[in-house]
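Residue numbers (the numbering used here), protein chains in the order written: chain A, 1452 to 1598; chain B, 148 to 291.
Hints were generated in silico from the structure; no laboratory data involved. One should not assume that every hint holds.
[What the hints assert, rightly or not] If you anchor each label on the Cβ, the simulated ranges turn out as follows:
| no. | chain 1 | residue 1 | chain 2 | residue 2 | range |
| --- | --- | --- | --- | --- | --- |
| 1 | B | Thr188 | A | Leu1578 | 28 to 34 Å |
| 2 | A | Glu1498 | B | Pro260 | 27 to 33 Å |
| 3 | B | Leu176 | A | Ser1453 | 24 to 30 Å |
| 4 | B | Val186 | A | Thr1477 | 15 to 21 Å |
We put the beta carbon where it would ideally sit given N, CA and C, even for glycine.
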Amino acid sequence: MSDKPDFVWENLQVGMTVGERSLTVTQAMVDAHCEALGARREWYTGESPLGCPIAPPMIFINDLLAIYDANYKRFGTIHAKLGYRFHRPVRVGERVHQKVTVTDLYVKREKGWIVSELAVTDEAGELLLTSAHTSVLSLTRKHADDD
Amino acid sequence: MMTDTPLENLEIGDALPERTHKVDWEDILKFNRYVTGGVDTKNIHTDDEVARKAGLPRAVATGRHPVSFITELMVDHLGFGFITGGEVDVSFVKLIFPGDVLTLKAVLKEKTPGEGATRYLFEVSLTNQDGAAVTVGTASGRLA
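Build the full structure now, drawing on both the sequences and the hints.
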């Protein structure tokens, strides 16, 4: 039985950090991403303008949800909006730090909504990418059971 | 007008060549395995019954996966100017179902000269085989 809190309105607050983690972007991660999403380009496996392989822009497509799942019991998420800002490419082999925060919570048409942001930085703290996800959020555990 | 013209010569209202992507079951399962670390799981994207219990008519594709169709199109046309300083903002307006054939359109909306580079802003959309928009938004990047 998990002791993680439920991913519902009452357990979340605007401004809170949902979770953080550091990881190294490996060629295996890039290859798996390219295979799953059908994104093929020489830059992702060999020479790029940086002189080394770089990760596709959407390499962190699931990382925000993965950080939620590491910290909350989530019951599936319906996205309404998604936004990305690509500041600079991630080199294969580069170590990055990821942080997810809650930037907004609101009720619209009797549904709860959450806006979360993933920020990815390099080891020096330079911003590589931000992405904002707007998704439906159950207002209470009862609603979550109904989902 | 749809055109293969270099971006520098595009006029407002011109469109990049359209692309089509079929989202079949294998794509959905492959994406699911990717996000679960190689495990097959039953969820609203992979199982009709789970989807129905969640109030959906049947299993639906994730809206996130097709966003990469848009970003790869932008990399094709804007290159490093998308990966460094590019932006994409989309709304998911309709469900995508297994088997749907999505047409990706990108129409130039703004062209803003800046220091050493011009920012190109496109209105982007993915429409299904019935002509209904499933994903709409904008994507932009700079070209030196």
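Quick rundown of the hints versus the structure:
The hinted window of 28 to 34 Å between Thr188 (chain B) and Leu1578 (chain A) holds, with their beta carbons roughly 33 Å apart. Taking the beta carbon of each, Glu1498 (chain A) and Pro260 (chain B) are about 30 Å apart, inside 27 to 33 Å as hinted. Here the CB-CB span from Leu176 (chain B) to Ser1453 (chain A) is close to 26 Å, well matched to the stated 24 to 30 Å. At roughly 19 Å, the beta-carbon separation of Val186 (chain B) and Thr1477 (chain A) lies within the given 15 to 21 Å, and the hint holds.
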